[in-house]
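Please take these sequences and the hints and turn them into a complete structure.
Next come the chains, spelled out residue by residue.
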Amino acid sequence: MDYVNLRRQAASLRKSLFDQGYLDEQFYQLEDLQDDASPNFVEEVVTLFFRDSARLMANIDQALDKCVKDFNKLDVYMQQLKGSCTSIGASRLKTECTFFRECCRDENIEGCMRSFQKIKREHSVLRQKLESYFQLLRQAGPIECATRPSK
Amino acid sequence: MGSGDCELHVLAVDDSSVDRAVIARILRNSKYRVTAVDSAERALEVLEMEPNVNMIITDYCMPEMNGYELLRRVKGSRDLREIPVVIMSSEYVPNRITRCMEEGAEDFLIKPVRPSDVSRLCGRLRN
Chain A
1 MDYVNLRRQA
11 ASLRKSLFDQ
21 GYLDEQFYQL
31 EDLQDDASPN
41 FVEEVVTLFF
51 RDSARLMANI
61 DQALDKCVKD
71 FNKLDVYMQQ
81 LKGSCTSIGA
91 SRLKTECTFF
101 RECCRDENIE
111 GCMRSFQKIK
121 REHSVLRQKL
131 ESYFQLLRQA
141 GPIECATRPS
151 K
Chain B
1 MGSGDCELHV
11 LAVDDSSVDR
21 AVIARILRNS
31 KYRVTAVDSA
41 ERALEVLEME
51 PNVNMIITDY
61 CMPEMNGYEL
71 LRRVKGSRDL
81 REIPVVIMSS
91 EYVPNRITRC
101 MEEGAEDFLI
111 KPVRPSDVSR
121 LCGRLRN
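Chains as they are written, first to last, in UniProt numbering: chain A, 1 to 151; chain B, 1 to 127.
Derived by calculation from the structure, the hints in this document are not laboratory data. Backbone N, C-alpha and C fix where the C-beta goes; we use that ideal spot for every residue, glycine too. It is possible that some hints are incorrect.
[Claimed, not checked] When the alpha-carbon atoms are kept at most 20 Å apart in a straight line, the in silico SDA-like pairs for lysine to any residue are as follows:
(1) A:K94 <-> B:Y92
(2) B:K31 <-> A:Q29
(3) B:K31 <-> A:R101
(4) A:K94 <-> B:I110
(5) A:K94 <-> B:V93
(6) A:K118 <-> A:F41
(7) A:K73 <-> A:R101
(8) B:K31 <-> A:A37
(9) A:K120 <-> A:R101
(10) B:K31 <-> A:E31
(11) A:K15 <-> A:E131
(12) A:K120 <-> A:D75
(13) A:K129 <-> A:S16
[Said to hold, decoys possible] Rough simulated footprint, nothing fancy, chain A against chain B, three-plus residues with beta-carbon under 8 Å:
(14) 66–72
(15) 109–119
Put into structure tokens, the structure is as follows:
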């Protein structure tokens, strides 16, 4: 197996995630926390994120389906989702969560619904990209060291 | 942490599994013993069973009992009130910060919490 090529692909995918705004500085912070004692820390945290965010998004879906919209409840769910996005550096998702919350404050249900569709799309894309990234890292082997792209 | 230092025990409280994992990692990287729980209620159970908690670091927004209420319960307890309590929040709300500091919080951190935040806190703790 061509480990050099796999590492190159992983690095390229990682760079694109930052260049396209999917991830921000906070993802670097997670990488800095990873060490020999916890070599899969970033992937573990990202896995937790997608598990929790899927649950929150299911709750939001249910709340949006109700005839009477509870904007306070929607805002609480979205605050939690936004918090998790912030914690892993999911920048584009975080931005859309902020917009959704603004729609809640304005009691703009159409805006909430449009925004939530976008959140679902962004969430799905980010999940696919990060799953691909971690799969490449696993295939490339444990020597892979993520380094910050040059600024 | 140099030789001869005893291991300090930090109780981390956050309903978000992501944030709990991150704060626990930051603390463990700084060589602290960490107990991480997902609710203020669970934190109070731990405090009852485990007498040697050196610091509590808690999220503000949690369902049921929030971080402010946990702070009040700790500061209102004769057995627990000397334990420093640090509040974390993803939102910058000045009234919230003021209220917590007036209630006796050691510090108020805006998320995402960084290792430098923890180093600063724990440096004060060790002193």
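Checked hints:
| no. | hint | in the structure |
| --- | --- | --- |
| 1 | A:K94 <-> B:Y92 | 16 Å, holds |
| 2 | B:K31 <-> A:Q29 | 18 Å, holds |
| 3 | B:K31 <-> A:R101 | 38 Å, violated |
| 4 | A:K94 <-> B:I110 | 16 Å, holds |
| 5 | A:K94 <-> B:V93 | 19 Å, holds |
| 6 | A:K118 <-> A:F41 | 28 Å, violated |
| 7 | A:K73 <-> A:R101 | 11 Å, holds |
| 8 | B:K31 <-> A:A37 | 12 Å, holds |
| 9 | A:K120 <-> A:R101 | 15 Å, holds |
| 10 | B:K31 <-> A:E31 | 18 Å, holds |
| 11 | A:K15 <-> A:E131 | 15 Å, holds |
| 12 | A:K120 <-> A:D75 | 16 Å, holds |
| 13 | A:K129 <-> A:S16 | 10 Å, holds |
| 14 | 66–72 | violated (count 0) |
| 15 | 109–119 | holds (count 4) |
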